[in-house]
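> With the hints as a guide, bring the two chains together.
For the protein sequence lines, the chains are A and B, in the order given. First residue of the first sequence? That's 1 in this note's numbering, and the numbers climb one at a time after it. First residue of the second sequence? That's 1001 in this note's numbering, and the numbers climb one at a time after it.
It should be emphasised that the hints constitute simulated quantities derived from the structure, not laboratory data. Accuracy of the hints is not assured; some may be wrong.
[To be verified] Just a few of them, taken from the derived set where beta-carbon distance is under 10 Å, the chain B residues facing chain A:
#1 Arg1149
#2 Lys1150
#3 Lys1154
#4 Leu1315
#5 Ala1317
#6 Arg1318
#7 Ile1322
#8 Arg1323
#9 Lys1326
Every residue gets a Cβ at the ideal spot worked out from N, C-alpha and C, and that includes glycine.
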Amino acid sequence: MSNLPQELKYSKSHEWVRDEGDGTYTVGITDHAQGLLGDMVFIELPEIDRELGAEEECAVVESVKAASDVYAPVAGTVVERNSAVEESPELVNQDPYGDGWLFRLKDVSGLEDLLDADGYAASIEE
Amino acid sequence: MPFIPHTEEDVRAMLAAIGVDSIDDLFDEIPAELRASGLPTIPEGLGEMGVGRLMQQRAADDGQPLCFIGAGAYEHHIPAVVWEIVTRGEFYSAYTPYQAEASQGTLQLVYEFQTMIAGLTGMDVANASLYDGASALSEAVLMAIRANRKSKSKRILMPVTVHPDYRRVVDAIVRNQGITLEFVPYDAATGMTEMAALEKYAGEDFAALVVPQPNFFGVLEEVDVMTDWAHANNMLVIGLVNPTAMALLTPPGEWGEAGADIACGEGQPLGSPLASGGPYFGFMGCKQEHVRQMPGRIVGATVDLDGKRGFALTLQAREQHIRRSKATSNICTNQGLLAAAATVYMALMGPEGLRNVATASHANTRKMIERLTDAEGVAQVFSGHTFHEVVLRVNADADSLLRALAAQDILGGYHLGEEYPELQNCLLLCATETKSDEDIERLAQNMARIIGRNSERPVCNKLKPKNPAQYGFNEE
Chain A
1 MSNLPQELKY SKSHEWVRDE GDGTYTVGIT DHAQGLLGDM VFIELPEIDR ELGAEEECAV
61 VESVKAASDV YAPVAGTVVE RNSAVEESPE LVNQDPYGDG WLFRLKDVSG LEDLLDADGY
121 AASIEE
Chain B
1001 MPFIPHTEED VRAMLAAIGV DSIDDLFDEI PAELRASGLP TIPEGLGEMG VGRLMQQRAA
1061 DDGQPLCFIG AGAYEHHIPA VVWEIVTRGE FYSAYTPYQA EASQGTLQLV YEFQTMIAGL
1121 TGMDVANASL YDGASALSEA VLMAIRANRK SKSKRILMPV TVHPDYRRVV DAIVRNQGIT
1181 LEFVPYDAAT GMTEMAALEK YAGEDFAALV VPQPNFFGVL EEVDVMTDWA HANNMLVIGL
1241 VNPTAMALLT PPGEWGEAGA DIACGEGQPL GSPLASGGPY FGFMGCKQEH VRQMPGRIVG
1301 ATVDLDGKRG FALTLQAREQ HIRRSKATSN ICTNQGLLAA AATVYMALMG PEGLRNVATA
1361 SHANTRKMIE RLTDAEGVAQ VFSGHTFHEV VLRVNADADS LLRALAAQDI LGGYHLGEEY
1421 PELQNCLLLC ATETKSDEDI ERLAQNMARI IGRNSERPVC NKLKPKNPAQ YGFNEE
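Okay, chain B solo, but in the shape it has when bound (with noise of 0.2 Å):
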């Protein structure tokens, strides 16, 4: 049954009245060659039962392996109770709503929302959330670039050990605008960005120097020295930093003398699964000085005639329904439900929560780190600071040995090879507060038997998983 509020007689007689004969006749100006002929790749519809089976046979393929993949994702505890509150039929919607005023519980979350992300960056200010993380990493740079008065390129330092996703979202967006990013190389031995190299660049116009905390190896950098080497060649900061982890560490408003100018990052980690891939949410925060400048929605507190406490929506200005071409930014819009789950997850946790589960992720990681490097042929690669992420050189073909895992239902982390060459046969991996003592020995002892085995024989053909693709993987 379709969900089409109108029949054909109301579309008729609304045409009639506005004295058009189709539907199509009011797609006339969009010339013919721009127009979609069809769309021959996509499937023909499926009823109701057609797509609950199909969804429920793919979430049956995914399976519930044993994941120690990060890699920019992470698994963590989501209580219960987070997500009965936001499946709540007056939480339930991707957006915050068009009349937004008119939503004051909706208004109410997302500044408790601001409030929180803006206390755990410490940052002034934070708008109401972006689409993921790669995507508010793009805008912060958009925003960097409309912020640094002082700069006049339109440049921006960018190290390779933000993660290689992000590098490529954010080229993307910015390429045409006529942004370029300069990539800086990381230090071989501890894993950390190069502070040689980036001396190189002093003095040179950049609008802005990103700092990732920790960085994609899970390493962390040297983000004091990094915040007032670039303040001091005029360059804003931008903090592209991991949730849980500002449980532990120093958040980017208080790095260096001056402090990051912006943060942003993934949100997933709070209160978000990890449902192939997302729906996520980006988050950003900033400077007072710099708010006019930030992307996206930003709910503030006010008083209603009465003098009672309300929430309305505040310096639109900056959005595109008011400044069209010249908004900040023309994505707006926000994760409104995932928002909510962290807000929710937030609150539950409360800090000394959320602490316990950096606490317990980072003596997770440390766990794991100590009992794989126990075994020949396996070896930490940087000599630099752990948060919950590390990267392992092993001794064994790594595609192969992850596949080989694969098949024993545990996914054994992350390739490094192919986005860096030089890291070959290194794996990124990574344990959150979920991994018990025993999934941690699960893994080595697999680890060590695959690797030990494949060390005097070929590899076993028959040891792969049953659906090899849905791991990620290419059949040979």
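Next up, chain A with everything else stripped away, as it sits in the complex (with noise of 0.2 Å):
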């Protein structure tokens, strides 16, 4: 079973946000994404400044299996993006909740369509 915090919040496309109680909100794949996909080489993030639409895709994660889209979990403004992870993709597969993060956005909506651990938990299990 992968591992998810129950502070987060999620959506069903497998991203992750946390509220940084700064009017920040930080972006990521889940655990379970990560595991899905297996090792990172290549990940491309969006442009400080851009507004993201909910559902919008923003990045891509390229794995030795595949490459995926992420999408913004909720609407918002691109304030960071995590260079780290551009410099070293394996940070995402090590620590998908930390050092693995992708982008943090900034006046946020939508929050309220995300799904709790719990949620997210039934809805991989689906």
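The following block contains the structure:
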């Protein structure tokens, strides 16, 4: 069973969202998703200041098995991108909820549509 | 005898197995209005003997004229061993094989090709080739739009000194993707892209500037200045280069402070004959940082389980079989056979041999310019430096002059007047290493005679080639 921190919110498309308490929200992909994709070889992140709509394709994670789109779990504006994962994509495999985060958003909307850990766990068991 | 492996009985058995009545039924889901009802303009099929005769007749019609036309395709000597090697069964295919890694020899050859193109253009990486120079430029434009993250526009700066056909092909491919081309004029005195005209776009948002070297007029552009200007204005630089010229000129990777970001061009001068316009091949290379935006196949070197060197397709997540509609290009194939010929050609010539070809072509063009402009009524149009092509204005009707030369079995250049109305009666001529002093003399004497005669009395209508259409001329 993959790791699902209780304090995070989740999307059905396997992104997680963390409220940083300062108006920004951090986004990454779940442990479950990275496990399915396998070893990451390349990450493409959205540009700073880009305004994302909910469920908009905004990043690409490429593993030895496949290249997959990452969707914005909520609408918002990109304020920070994790350039460390561009240099070292394996961070997403090693620490998906920590050093392997992808980008941060501000002015977000649509948080209420996200799942909690149990809801996400149920969705991936379907 | 039809070369179709299935007998009618086989086909019936296969249809029965899947429960379908006829082959037509397999295409049911394509709406009737989208299906071709027939091919009325295609003539009846010919047998092998008939096709052989037709092709021989067409080859004979082409003849073997003395050719001084370049304009994008260049006659170079191709050592006999080039096509002797690439027509071997092991290489004789237009494509990289579908089960690519099973064909290590082919992959090694493609890898060598990429290495040579990267070396020639000064780029970090090169792909396995593209269809031709014009489509390579189109792909470079699409790539620049994706790769330039500072640019929000879908606009490209394109000098009008880029080959007119290339500009049309690029426009046709990118227009419906919302990408626009802004054309930059040239300086009428030098034949180079006008920096003052470029300067008007300073501060505007463009994804890239195309820099042709040499340009369509055979003139050398100020590539360092153009590259630095583009980078200072947050544009990427696409170098569109003649591969032969790269043996003498600074490669795109070394232009200006930072070098061009993408290099591409027509590969035909490297071992492909002038075969009525094709098949040719395009080449493309880029800086390492843009490699994931590059289209086309890329072969990489690796080691197998035993540590032995081997080759594999790499970075395939860019390609359509993995990324579908989000692939970097849906033309991910390449021109394997022509690229193979180029690889053998480059390996045979080596850097020194290629430099000799380039130097001899340049020297012959200089000779041709001196000899032709010696005569009354012929003058060089542009003051910019040339590589192996030149624009000459003739004091005659250029189309009539070319027709009269063709009657003497000489292709005396390409008339620029149609594409560039301001260059009426201006010819673009090329003399590669294949042209001897005698050839140049023959061109010069005929040209002087025809121009001299024309200035005295009207065009002689009897001096027409037997079959003008074959040279691209229309009957009057």
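> Confirm or reject each hint.
Evaluation of the provided hints:
no. : hint    : verdict
1   : Arg1149 : 6 Å, holds
2   : Lys1150 : 9 Å, holds
3   : Lys1154 : 15 Å, violated
4   : Leu1315 : 9 Å, holds
5   : Ala1317 : 4 Å, holds
6   : Arg1318 : 8 Å, holds
7   : Ile1322 : 6 Å, holds
8   : Arg1323 : 6 Å, holds
9   : Lys1326 : 8 Å, holds
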